[in-house]
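J.: Residue numbers (this note's numbering), protein chains in the order written: chain Y, 76 to 537; chain X, 76 to 537; chain B, 76 to 537; chain F, 76 to 537.
Treat the hints loosely; a few may be bogus.
[Said to hold, decoys possible] Taking lysine to any residue pairs in the SDA-like style, the calculated list, with each CA pair at most 20 Å apart, reads:
id, chain 1, residue 1, chain 2, residue 2
1, F, Lys427, X, Lys83
2, X, Lys83, B, Thr420
3, Y, Lys464, X, Thr84
4, Y, Lys83, X, Gly470
5, X, Lys83, B, Val423
6, B, Lys427, Y, Ala431
7, Y, Lys83, F, Asp343
8, Y, Lys83, F, Pro412
Worth flagging that the hints you see were computed from the coordinates, not collected in a lab.
Protein chains: 4
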Amino acid sequence: MWGGRFSKTLDDQFAQLNASFRFDWRLYDADIRGSIAYARALARAQVIRDAERDALIDGLVQVKQEFYNGTFTAQPSDEDIHTAVERRLGELVGSVAGKLHTGRSRNDQIATDTRLFTLDAIRNTQHAILNAQHALIEKSEQHLDVLMPGYTHLQRAQPILFAHWLMSYFWMFERDYARLTDCITRVSVLPLGSGALAGNALAIDREFLARELGFARVGENSIDAVSDRDFIAEFLFDAALLGVHLSRLGEDLVLYSSAEFGFVTMDDAYATGSSIMPQKKNPDAMELARGKAGRVIGDLVTLLTVLKGLPSSYDKDLQEDKEPLFDAVDTLGALLPVVAGVIRTMRVNADKMRAALDAAMLATDLADYLVRRGVPFREAHRLVGAAVKTAEARGVALADLSLDEYQKIAPEFGADVKTIFDFARSVASHEIGGGTGPNAVRAQIAQARAVMNRREQKAKKG
Amino acid sequence: MWGGRFSKTLDDQFAQLNASFRFDWRLYDADIRGSIAYARALARAQVIRDAERDALIDGLVQVKQEFYNGTFTAQPSDEDIHTAVERRLGELVGSVAGKLHTGRSRNDQIATDTRLFTLDAIRNTQHAILNAQHALIEKSEQHLDVLMPGYTHLQRAQPILFAHWLMSYFWMFERDYARLTDCITRVSVLPLGSGALAGNALAIDREFLARELGFARVGENSIDAVSDRDFIAEFLFDAALLGVHLSRLGEDLVLYSSAEFGFVTMDDAYATGSSIMPQKKNPDAMELARGKAGRVIGDLVTLLTVLKGLPSSYDKDLQEDKEPLFDAVDTLGALLPVVAGVIRTMRVNADKMRAALDAAMLATDLADYLVRRGVPFREAHRLVGAAVKTAEARGVALADLSLDEYQKIAPEFGADVKTIFDFARSVASHEIGGGTGPNAVRAQIAQARAVMNRREQKAKKG
Amino acid sequence: MWGGRFSKTLDDQFAQLNASFRFDWRLYDADIRGSIAYARALARAQVIRDAERDALIDGLVQVKQEFYNGTFTAQPSDEDIHTAVERRLGELVGSVAGKLHTGRSRNDQIATDTRLFTLDAIRNTQHAILNAQHALIEKSEQHLDVLMPGYTHLQRAQPILFAHWLMSYFWMFERDYARLTDCITRVSVLPLGSGALAGNALAIDREFLARELGFARVGENSIDAVSDRDFIAEFLFDAALLGVHLSRLGEDLVLYSSAEFGFVTMDDAYATGSSIMPQKKNPDAMELARGKAGRVIGDLVTLLTVLKGLPSSYDKDLQEDKEPLFDAVDTLGALLPVVAGVIRTMRVNADKMRAALDAAMLATDLADYLVRRGVPFREAHRLVGAAVKTAEARGVALADLSLDEYQKIAPEFGADVKTIFDFARSVASHEIGGGTGPNAVRAQIAQARAVMNRREQKAKKG
Amino acid sequence: MWGGRFSKTLDDQFAQLNASFRFDWRLYDADIRGSIAYARALARAQVIRDAERDALIDGLVQVKQEFYNGTFTAQPSDEDIHTAVERRLGELVGSVAGKLHTGRSRNDQIATDTRLFTLDAIRNTQHAILNAQHALIEKSEQHLDVLMPGYTHLQRAQPILFAHWLMSYFWMFERDYARLTDCITRVSVLPLGSGALAGNALAIDREFLARELGFARVGENSIDAVSDRDFIAEFLFDAALLGVHLSRLGEDLVLYSSAEFGFVTMDDAYATGSSIMPQKKNPDAMELARGKAGRVIGDLVTLLTVLKGLPSSYDKDLQEDKEPLFDAVDTLGALLPVVAGVIRTMRVNADKMRAALDAAMLATDLADYLVRRGVPFREAHRLVGAAVKTAEARGVALADLSLDEYQKIAPEFGADVKTIFDFARSVASHEIGGGTGPNAVRAQIAQARAVMNRREQKAKKG
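Please work from the sequences and hints to get the whole structure.
T.: Right under this line is the structure:
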């Protein structure tokens, strides 16, 4: 295709290294959408005749159908998706195919294709996030009255609602969704019409192209347009951070489904066994949720490293952008529905959670009790610490120290101190925005539903 | 401070490992702003009396002044900025200091501090970006008529305007700025009132706290609030991608200031010499711009790796968030003004750029010539490729083939083919939005100025 | 120092960005050792007189002492450790100081300094590893008879010895130690005598320099020598993988010290409390062990990214090598002794471990029982799986199914099936090299002791 | 296969996420080699009869042949390579297939497979490195007399031999090779016999297994053995650093083949053209060499992140180890031969290199001239710097200042100063070990050849 000035064919090993068709064929839909729009633009600019435009479009539609049906046959000379499509188009429509590339470079073409692909990928990822968020909300609503230990440093800290824990992941996903929405504004920029780097010399109508392809605006600088891969990097970061959230959820559920915690039981449909130990039931889905963050972070590092220190405008190194993009898209696309399924189907063992609450988790409530009786908090903290120490030394629970013992520690303790040792009361005392009180959690869920509604409205429209 | 239940002092080496004051003292301003707001909120909630509030605020203002003046004296027991401030406050105002921490945990406190710090860091980074963008615009306007070779694959591709090349960096920085603005919406969320993880049990007014501290809204879930470090990760990604842009600019300017290119000359104020080679003048500033992307990417990887697989809610691992944040902030804060200075002061060698244009860079124009005479582009490309080969074989420039030779290659070539070999004409033929034509570049600069104005207006307001 | 050809002083912000003294002062000992050796070599090559050599050495010793005593006073002009030392040397010994740099460049000098520093860092890191390994061996020997559940997928899998679990970390550290030893062969290569990049023109004796400075051999190519940072990257990788091992140990001990597991109790000297929850005792040391892997991985990524795509020979970007190196060295130097201390002091709760063993963990033993009675393993696995299912459905332990029930599942089960349900017997059946049988573990510890002895012998010698 | 205790089939999406056959089929050869050895070991331990062993081996050989021939037909139930082989083996040899897994777990099996694969991968990578090194040596020997500018900071520094530059890459690859050799000692450790994590209960002969499979020794701890992925991480690091070296060579050759440098010309067999610009000849091979470092660094980060903070022993997350391993192996396997081909075929433009030498590059020689006349080097540097400034101000070359002008700068300059301005003389003055003098470079090449011989001898033997 570009061989006019060359006097040798490519070395075989180099040709294989150089070719990208083995992975970029996935862009066929985007590539052909782009070419159809470009054919229209060429006709509007009177570079080709309307009949030529129609022939090109008919041929392109047919090539696309062949890809879609799996009947497209690649040739060894198909260096990339662009040359593959152009080659096949030529077979179908003859020499007019040679007019399609007028004023267009693979540099602006691949940038256009990848942006179209990324826009679809973002929409699909957002859809999968919404599904996981629905699972969290539903599960929360089904178990609104379940108490569990809240942890910090993986040590029992304070009693919380199970629904409050679950909803904490809702808000992580909410940020992931919002970041992807922000990302769209930087993906939805048309590169086509930038040529190799200097722009298009055919006075093509770029606003028309943008409208045809659904881009929000036209790229402002042709040099930047052909080498800007920020939008992929940004998507990969958003994906990596979503991956990190999934890894934290994975860790929590691996812990909670261990025999020692026993808070949840994975459904058999989402667990596996051992090849050697017949009793095993393993939470593989959530281990993969934990582990796959690694590869998405790796994808991000790959692209950032490729971009680092690259000379201006298009360099071949940029071909290395697509495999990490595809890998991240595929990873999240496979993982998110499974995570949603795990949440929907897991059994919640409220009794085990309840049994894991111990009186020491109310030490803060006890300190607050003293505060209400005028003791400065820092002093109250010290006094309750002493009570904890005494209870540990005696081998009894904090709730089981006698009033006498309490009063020896601090005279402010009264007979009502025992009312403190009520987990539900403790939870109910946190009725503050974002807190774990039952009403606060109900309000939180309502807020989450409102967020979802807004999004689903918007997704329907746009 | 938390030692009530403990029966031993800390191992020395562990105490040093555990303590964060050696780096988190930098949060003093944010920490004390947060504590003043919290004292006000405690008084509003009637947890402390107004006189206590005033005593606390007076003391806090004094502690802040000590930090600001450099007269604050740390003690070995100052585990972190929070305990250091509380300890000093106690020395200044007595036991009322022990009331400040009522209902507050270091978990929601540090999250609040870090968000306040990050908001400042974003504003400062954006300010530094604007400065660099001004430098690019000014330099572009000063050299509007300078032609240079545009490269792809670092091979001469097509003639472009020097201003067009410069402005390509403007738009990269524009995206960096916009990403940081988007980031703010996720930083500007109040964690205070989330306590250790369960929320605040004192019915503190979180909306009041948000207003006092300038947060746009209140965090929706207390568990998430104490362990959410997404805002740092997002800032670090934005910083890393900005770093990548600086690294590309660094690479370009290292190349362009080499003897071989010679397109620009670094000002003596931004270059260094060699300890052994007296003739050397090295573009260290731009090499550092290229290299420092590495550390910011490293900072991002650090945080993502720390977060990966972490159990829900606060874990001590999260203490590892601050040093990468500080490092990225400091790196960009040191680098951006120098890059702006380099751009402003570098000498533009228009003659060297002009001399680097060669006729072969007009091969695309030549192909377009044939296209205008009805040759399909792909065929035109092949024919011009043959012309290039002929010229190379003969050892002459493409412009120096005779008309006869041209017509032997393609009869469509006419006598006017020689008019193609005019670099200014080629540039002028790219008068398309985003293209390198002189009018297009002027329009681009005007668009850039408009973007800057909008931002500066907004920054003034908000 | 290099300003002869320059007509302006440096821009202040650039000077600060450019200068490295704020961190590379740490190389003073290596730098001065290198300069003393170089002064000797200059005298041997008759470039300077013996009296000049002696004056230089006396002065250098004094500068070193000033650094050591903390009395060295930096000047704003001290761009880096080399210029700082040379400047101070000039103040002490006069113009002869100007001869020290003959034939030497900062390029070969900094490479030499950094290698000397890294050699020390490796030795110190190895020493700290040995200490941690001793802690593991001692703790193993103290608890040789303690049984605990072995996990896969964090699900109870098979009974093992606690000592076997502990010793698994010994072998990870063993590989870390060995990797560092391998690394030494690539660090211990002399760059000095490579000049700026072309070599030294004074016929300096490089073998002499290598001997003086303790390098194992002389660098083979001067261009490579001034820009080779592989040895740092390799050290950082070794550090990162050691960090990963520490993170896994951290995770295990965070889990094992949770209330749910309760297998170990952190000593009060290695735990911290909460600012708000008086009962809390947090395993901060092991959380930091888990989290700090992130920063060392970040350090590695920083350097690899800096090096990626760098033009041949020395570039200023290479200055970015030192901070990640120092950070990794400091991180491990602070962390390893604390981890050793945690292991030495933690309380082992053998009863809790024992209580966590359940009969289902012997399912594999049960399958092996059937295998010994001629059932193919895959079939035996299926049959025992059915037994597990039956027991779960009935809500009883696997050991509590009746013989009748067992025989209904498989007629091969005999009355002796109940002898299987003995955890110690199960452990004892794994007396294979590397297995968890008591004798195998004792042999493993003996092997570990032998490894340690060999190393300590070698460290003493070399 | 492990479904005995389960009462549901897997969710489809989870089954797909969980399955690894789509990538781990590549381990078929290693897996079947391992199974054959294990069948032998089972027979030696009298767990199976000799006839059973033979049936198993015959069946396994047949399965391997099916894979090799491409006739193996996967089933949806083939979760991974192990279950696929076992399933097919059962079809071929009947129920005896169910005995092969006795005492073996997929945990020790996959570890064994991956180590066998990695050993092969290392050998292949080393072979490809040797090939590239041969190309460097040959090219060096063909151009022993070619002078070129040596650069630091990409500024012309001192004249060097082209062969010296080329050979600098030889020594980078030498370290890569050596690191891989060191890595082998940590890969060549047998995990088989470690069972799920506790060891093998059948008294299998692990030393026999090690011998059969070519492992150097037996793993010391079964828990470590099933979760140790250090050997992959180490390989990936070695690969990443090799990738970095290739990226630097890529950058150099991209620069040197630009029109501005013009030092080398890519062979047409290793260059590509442009889809739009007929004159373009792009160094894609070397751009890919530069860019592909990114993905290998990404692979390394992926694995380190997966491993970070993982609980002891086998977790499903470890399944994420194989794709980065395969990717790095494939990347280097595709890239190294092409790089060797590029070096072998590129045209060296000695005249262009010579033309790029300028007199200022001899400033250091000029300073050395003054040193030989008794001027301290630092003073000589300053004086030559002044000469450079004078020449620049006058717009002449350093060599073209008059003797008078030189003597005005320093009376030590004599008439012989003009003899300094001879590039070959300058190069010849660096006849020091590792320097750029012609004899030194010849000695360096001889040393390189000796290294290669030793290796090729060793590779032949073992």
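J.: Next step is simple, just say for each hint if it's right about the structure.
T.: Hint check results:
no.	hint	in the structure
1	F:Lys427 to X:Lys83	violated, 75 Å
2	X:Lys83 to B:Thr420	holds, 12 Å
3	Y:Lys464 to X:Thr84	holds, 15 Å
4	Y:Lys83 to X:Gly470	holds, 19 Å
5	X:Lys83 to B:Val423	holds, 18 Å
6	B:Lys427 to Y:Ala431	holds, 15 Å
7	Y:Lys83 to F:Asp343	holds, 6 Å
8	Y:Lys83 to F:Pro412	holds, 19 Å
In terms of the numbered hints stated before, the structure departs from hint 1 and from no other.
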